[in-house]
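Visitor: Can you make the complete structure from the sequences, with help from the hints?
Note that the protein sequences, when read in sequence, are chains A and B.
Its first residue numbered 33, the first sequence is counted upward by one per residue in the numbering used here.
Its first residue numbered 33, the second sequence is counted upward by one per residue in the numbering used here.
Calculated from the structure, these hints are not laboratory results.
A portion of the hints provided could be inaccurate.
As the list claims (entries may be wrong) - Once the Cα atoms are required to be at most 30 Å apart in a straight line, the calculated DSS-like pairs of lysine-lysine come out as:
#: 1; chain 1: B; residue 1: Lys-131; chain 2: A; residue 2: Lys-246
#: 2; chain 1: A; residue 1: Lys-36; chain 2: B; residue 2: Lys-139
#: 3; chain 1: B; residue 1: Lys-36; chain 2: A; residue 2: Lys-36
#: 4; chain 1: B; residue 1: Lys-36; chain 2: A; residue 2: Lys-131
#: 5; chain 1: A; residue 1: Lys-123; chain 2: B; residue 2: Lys-123
#: 6; chain 1: A; residue 1: Lys-123; chain 2: B; residue 2: Lys-245
#: 7; chain 1: B; residue 1: Lys-131; chain 2: A; residue 2: Lys-245
#: 8; chain 1: A; residue 1: Lys-212; chain 2: B; residue 2: Lys-123
#: 9; chain 1: A; residue 1: Lys-43; chain 2: B; residue 2: Lys-123
Number of protein chains: 2
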Amino acid sequence: MTLKISDIGEKELIRYIISNFKSITPDDTAITPFQDNNLISTTDMLIQSRHFPENMSYFNMGFKAVTVNVSDLAAMGAEPFGFLLAIALPKDLELDFFKQILDGVLKACDYYGIPLIGGDTNEASEIIITGTALGLTDKPLMMDTYSKGDLIAITGEIGHAALGFEIDTFDNIYTKKALKPEARIKEGLVLRDFATSATDITDGLASELYTIKKDGCGFMIHEEMLNISDEYKQLAEDFGLDYLDLILNVGEDFELLFTITKENLEKLPIDCIVIGEVTDSDVIELTLENGFVERMENRGYEHYVSE
Amino acid sequence: MTLKISDIGEKELIRYIISNFKSITPDDTAITPFQDNNLISTTDMLIQSRHFPENMSYFNMGFKAVTVNVSDLAAMGAEPFGFLLAIALPKDLELDFFKQILDGVLKACDYYGIPLIGGDTNEASEIIITGTALGLTDKPLMMDTYSKGDLIAITGEIGHAALGFEIDTFDNIYTKKALKPEARIKEGLVLRDFATSATDITDGLASELYTIKKDGCGFMIHEEMLNISDEYKQLAEDFGLDYLDLILNVGEDFELLFTITKENLEKLPIDCIVIGEVTDSDVIELTLENGFVERMENRGYEHYVSE
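Guide: Shown next, in the form of structure tokens:
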């Protein structure tokens, strides 16, 4: 049988590309030794029908194209220094919408303190935005350099964007997070000196935990530490959704997921939410609020025998 | 009337983006002062239906995605140091074709001596490849720093790709140039020390001349200096095409177009073809083989009174 692109997950295809990176250490991004420093470089292509909710403004499409790339720099503890934009547009799109997208890109660049250092435009049947972000760090923050006993933490509540994608109104924290997420650059720069590892949550907590998992180590996440509000649970129920599924398997919040020693947690000068710890179980588990322990699955999770 | 994307040329849209570059000098690419050097960065998006001839192999699609970006570095006299790849693929594309594209990208990176330092994949209705190339130069070679009296030259014959797009067989120099163009990196590095200005010919000689033209200066190009062979003229005629139109208005050869003083031309250690000179006419002209002088137009050219 001939294998098609659809037979292989996107992560697998990216892994195949990454396996061809040379003279660098692949992590969230590529790391290239560069004049007594490390150049951190990353590229992300966003396609309208896949990455932009229907109610997202053109401005926010541009803003998000910068955020998703800069978030990869944040996860490496890198200081961003430039962004490149390649954009394809339908030929019957109003020119003003293009300007709104570009305005979103430029406002995001301002927000993250970086110049636009490259641009290209093209024609396509839908809006496609490829961003490339560059940063520097003297100490790249890797994703799998944690040890057993480290605490697992996040820079802010997760699952908001996931719920926001389901809600049509604009005046709530969930929709705001879904439509205009922000990268945790300042937090990444602080974590560089305190965390033992870090990545950003784009595909959902479960997916990221499976990405960073290394042989012999496991993770225990505690539902009660995820700070899930009654409002959140109620809204999820109203929309006929499983709140834990939203929180574990959607992502798009662009919070950082990091590990830290207990000693460093006390000294950490930024807010964070501790959600679990690194174990030697070799599996990824979730302790539910009712005390039961589940195996967390990659996209969804399945129950297994426990108390 | 509401303006649409189709009412504005692609170059105009790119110019609009470039006008928003900050703290850099926009030229062929962005130039960012960087640790006692200049970072040269450029991004180009290629879309299957627009940029890849139907008989182009998957390998050559990948190779070309690197070449078009690296060519922008060559035009700046920059030493390339890295390439990032974002690629969208139809979900029913054979996985092996993806590997062939990636192989083309990697072989091109090898050819230009640079590592792959970033990657992303996506799903789209056709193949879309966004490349980003990074380079360094202590002396950026700008596109409009020529003076009256400078000679105008190119690094190799042009119009080959234009003719190659029309020919279906693989065993001729034209088709080879159309399907696997190569960027003039080594030439760009040499020209940095000899030329007064440079750009690369992607959209055709006429288009590039109009791009680099500044107020008060003009260009006189001599048809006889373009070295157009009888074979070339005959093939164009066989295909019902105007050979001068092919040479002036198609491009895709990725040769460098540069200006140089007469003194430096004598010392230049690489081959080149002098095709004209910088004038103070404020217009772009072409002296035909029959001695008549035409105004060269941006896409096409029109006759005007002369002799």
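Visitor: Give a verdict on every hint.
Guide: Against the structure, the hints:
no.: 1; hint: Lys-131(B) x Lys-246(A); verdict: holds, 27 Å
no.: 2; hint: Lys-36(A) x Lys-139(B); verdict: holds, 23 Å
no.: 3; hint: Lys-36(B) x Lys-36(A); verdict: violated, 37 Å
no.: 4; hint: Lys-36(B) x Lys-131(A); verdict: holds, 11 Å
no.: 5; hint: Lys-123(A) x Lys-123(B); verdict: holds, 24 Å
no.: 6; hint: Lys-123(A) x Lys-245(B); verdict: holds, 28 Å
no.: 7; hint: Lys-131(B) x Lys-245(A); verdict: holds, 27 Å
no.: 8; hint: Lys-212(A) x Lys-123(B); verdict: holds, 29 Å
no.: 9; hint: Lys-43(A) x Lys-123(B); verdict: holds, 14 Å
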